[in-house]
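Chemist: These are the residues of each chain, in order.
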Amino acid sequence: MTAELRTTAGESLYPRLEPLLAQIQKPIQYVGGELNAQVKPWDAAAVHWALMYPDAYEVGLPNQGLMILYEVLNERADALAERTYAVWPDLAALMRANGVPQFTVDGHRAVTDFDVLGVSFATELGYTNLLEALDLAGIPLHAIARDESHPVVVAGGHAAFNPEPVADFVDCAVLGDGEQAVGDITDVVKAWKAQGRPGGREELLARLARVDGVYVPRFYAVSYADDGAIASVAPTRDDVPAKVGKRTVMDLDEWPYPKQPLVPLAESVHERMSVEIFRGCTRGCRFCQAGMITRPVRERTITGIGSMVEQGLKATGYEEVGLLSLSSADHSEIGQLAKELADRYEGTNTGLSLPSTRVDAFNVTLANELSRNGRRSGLTFAPEGGSERIRRVINKTVSKEDLVRTVTTAYANGWTQVKLYFMCGLPTETDEDVLEIADLAVEVIRAGREASGRKDIRCTVSIGGFVPKPHTPFQWAAQASAETIDHRLRVLRTKINEDRRIGRSIGLRYHDGKPGVIEGLLSRGDRRVGRVIERVWREGGKFDGWSEHFSYDRWVAAATEELAPFGVGLDWYTTRERTEHEILPWDHLDSGLDKEWLWDDWQDALSEEEVADCRWTPCYDCGVCPTMGTEIQIGPTGRSLLPLTVV
Amino acid sequence: MARQPDGPPPPPTVQKLRIRYAKRGRLRFASHRDLARALERALRRAQVPMAFSAGFSPHPKISYLGAAPTGAASEAEYVEIGLSVRCDPEAVRAALDAALPEDVAVLECVEAGEGTGSLADRIDTSVWRVELPGMTLEELRPAVEELLGRDVVVVAKRTKNGLKDIDARPSVVSASASAGAGCAILHVVVRQGTPAVRPDDVLAALAAVADLHPPLPPRAVREAQGRLDDTGTVADPLDPDRTAGAPDQEAHATV
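Residue numbers (this note's numbering), protein chains in the order written: chain B, 989 to 1635; chain Y, 4 to 258.
Simulated from the structure, these hints should not be mistaken for lab results. Predicted, not measured: the structure shown is a model, and the values here were computed from it. From the three backbone atoms N, C-alpha and C, an ideal C-beta is built for every residue, glycine too. Careful, some of the hints might be misleading.
[To be verified] Stretches of chain B that chain Y covers, calculated by requiring three or more beta carbons in the stretch to come under 8 angstroms of a beta carbon on chain Y:
| id | region |
| --- | --- |
| 1 | 1015 to 1027 |
| 2 | 1213 to 1225 |
| 3 | 1247 to 1261 |
Could you build the full structure based on these sequences and the hints that come with them?
Modeler: Written out as C-alpha cells, the structure is:
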C-alpha cells in the first residue's frame, strides 16, 4: 500500500505524518528531537538500524538497553541507528487510512528502508506489538516470506532467551549483552551488501548464524512427541552451532554507555537518569530470570560510575540519578560511592536513588546517605515471599525479625512510606504463606508507629503473580492458576482489613492473575505458540501490558483453537509441572547455566534449602563462568571520588 | 516532629527575569508540561543560578504564564524566573537558547523593572494567525463576516468534565481573513478569560455560523500576547520593564 507513495530510501515521512499528529493524543511522542538524539545522513552509513522498543514511547524511551545500542551504533561512522516505538491505536488507524508506514522518531524514515530492525523484548507481552509494527511497516509477518528488500528482524532483551514463540516472526535473536553483538552484526551485513548481496537473504542469515550469540530459528528444526512435548531440536545446516551461547561484555568501564542519555520532552515512566553500576547478580533468587541469565557479576568501578554520573548530568540536566542494577546495595564500593556522590552533589538539588533494594538495614543507611540533602518519601524493599519458609524456597532468605527491624529503621529515619514487594503463586506456596504478608505488614506499621512517633506512616504491599521463566530453577515448576492467585489475594485483602486501625495505613496493590497466565504461556512457550500470538493480533490484540487493551478471553479462545490440533493447550504450557528430562524449548539456547545444576537447585528449592552468593562463598558450579569463559569482576578498587571542580 | 532539611535556607531571589520564547516546527506538538520540563532541564544544563523554594522538595522559582495549547505554535510565550545570583539577561537568554531544543527559541530576556507590577497583569489578549490548508479566501471571508455579525455563538468545548457549551463570540475582539500559499489565513484577536477561547473554538464557531469545515488540520500560531488597549492594539508586555531599566546595577555573574 505504501510502496508507490514512497520515492527515495531514507526520505522523511514527516510531511505526511504531521497532518495526522494534529488529530491524536500526545503527539509529542512521535516527533523525535529529544535532547541527545541523532539524525545522521542516510547515505553516509553502510548499515541502517531501526531499534524498536515494542511498547508505548513513554515506557520505551527510558529503556537503557535501547539507549546504549543506539549510541554504540551511531558512534560507528559506517552505521546509523534510529528509534521506533509501538504506535497507539489512534495513530495506527490514521496511518493505515493514509498509507503512512511505521516510522522512526528520529528521521521519520520508513522502517522498511532499514537493513536491520532490532526489537528489544523486556517482556513477552510485547509480542503482539511486534506483529502490529511489522504490519504497519509493510514487512511480511512471517520471516520466511521476506526477501532481500526487507530488514532483518532481530530480537534481543531478556525474553530473547526463549524466542521460540516468535520464531516464525523474527529472523534472528541475540542472546545476552548487545554492545558487541550489534557491531558484529553490522560487520556481517555491511560485507554482504558490499559484495552485492551474494546468496540473498538465506546467505545473509547463514552468515549471521555464525556470529557468536546469534540464533537463527529457521536453521533449527523442531519435532514433537505424541505426548505434545518436544522430541528433538536439531540444526538443519552443518555450519550453524548445535547450541547458541549468550554474549557477555566484560569490563563495564570500557563500555560507559549511555554517555549522552536521551531526554524526552514528553513525560516518561522514569523521570531520571540511570547509571548501571553493575551487571549480573549471583544472589541466586530462584524466581529471577534476570539474575540467572546475566551472570557473572561485573561491577563498574567507583571512579567509572562517578564520571558517568558527572557526564550524564551535564548532558541531560536531569535532577535525579538512579544507581541501577539488579541489587545495587551489593556493589562492593556502595557505601563509599553513596557518601562520595552525596558529598559531590551537596547543595545542587540533585537527587540520588537506588531503585531496587534488598531487605537489609544497610539499605536504610545507604538511602539516608543518598537522600541527606533531599526529600524522604518512599523506600522500597522486596522480601518477595510472605513466610520465612517460602523465602527459603525462593532463596531470598531474611527472617521476619530482620524484616520488621529494617522497615522500622526506615520509619525512624524519617521515611514515611515504605513499599514492600511480594510475589504470589510461588512453587509450594499455600494460603498460609500469603497470609503471613498481612501479619508482616501489620507488625511493620505497629513497630513503625512506635519507632517514629507518627501516625501517618504508610506501608504499601505490592503483589505480583509469579510467572516461571526459562533458564531458572523454576523453569520446571507448575504455574499457579489465575483462580489460585485471585483466591489468595482475596483472603489476604480480607485479613489486612481485619483491624481497620492498622489496615488503613496499609495499601494493597495487585493485579488479577489473568495477564500472568498469558505471560506464562509466552515465556515457556514453543514455536506452536506463535500461531496463538498471530491469531490474537489478527483479532485486534496489542498493548497486552496495558490492562485497558489486554483481553484474557481473546487469548484463551485463540490458545484453545490454535493449540488443540497439537494436543496441547494453555494449561499444558502454564500449570503443568515439567519432568527432569523433558526437552525444554530453550534447551539449545545457552545462558551458561548447567541444566543439571538448575535441576539440583530446583530440588533444593523443594526441600527448602538455601544457596549462598558465590561472590563471598566458594563457587557452587552453576556453570556460567567456565562455559562462557568469564569471571566475576568486583572491587573494591581502593579508589575514591574527588570533589568536582567548581564549574 | 517532621524532619527538617539540615543547613541554612536556600538563598533568596535577587533578580527576576522575564522571558519571551517561541515554540515552532515539530515542537508545536509539545504540551505546556512538556515545555516546562524541557525548560527546567535546560536551565540546569545552562547552569543558570536559579533560586529555589525551601523544604525537602525544592523547586526552582519559575512562573509560567498561560501556555499555547498542544498543537499550536507560538512566537509569544512568556515565563518569569527568579535567580539567586544577578546575571546579565542577554547572557541568560543566549545560554538558555543554546540549551533548549532547536524548535524552542528564546527571543527576549529582560530584567523585571522595579515597581512595574506583575507580568500576568499585562497580558489579557492573544493574537492568533491560523492557516487553513486547502481552503480559499473566498470561503473563509464570508464566514468570518458572519461570525462578527453575531452577538452569541455557542460552541461545544471539550473540558475535563466532558463537552460544555460556551459562548465563544464575546472573546473574539476582532477577526479577518487573508490569502496565503495554498491556504486561507484567519487572523483573530481573542481576549483571554474563563472559559478560555482558543483557535479550535473560533473554528468551531465558524463551523457553527457558516458551516465552514477545513479539509485539512489547521495550523495555529500565536503571534503576540499582551494587554488590549482602547484603540484595539495589543501592547508588548515587556515594554514597562525595558523602559524602567534594571534596578541598582551590580556586577553581573556570567552564565
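Chemist: Each hint should be assessed against the structure and marked as holding or not.
Modeler: Verification of the hints:
Check result for the region 1015 to 1027 of chain B against chain Y: holds, 7 residues qualifying (beta carbon to beta carbon below 8 angstroms, three or more required). For the region 1213 to 1225 of chain B, the stated coverage by chain Y is violated: 0 residues have a C-beta nearer than 8 angstroms to a C-beta of that chain, whereas at least 3 were required. With 5 residues carrying a beta carbon less than 8 angstroms from a beta carbon of chain Y, the region 1247 to 1261 of chain B meets the three-residue requirement, and the given coverage holds.
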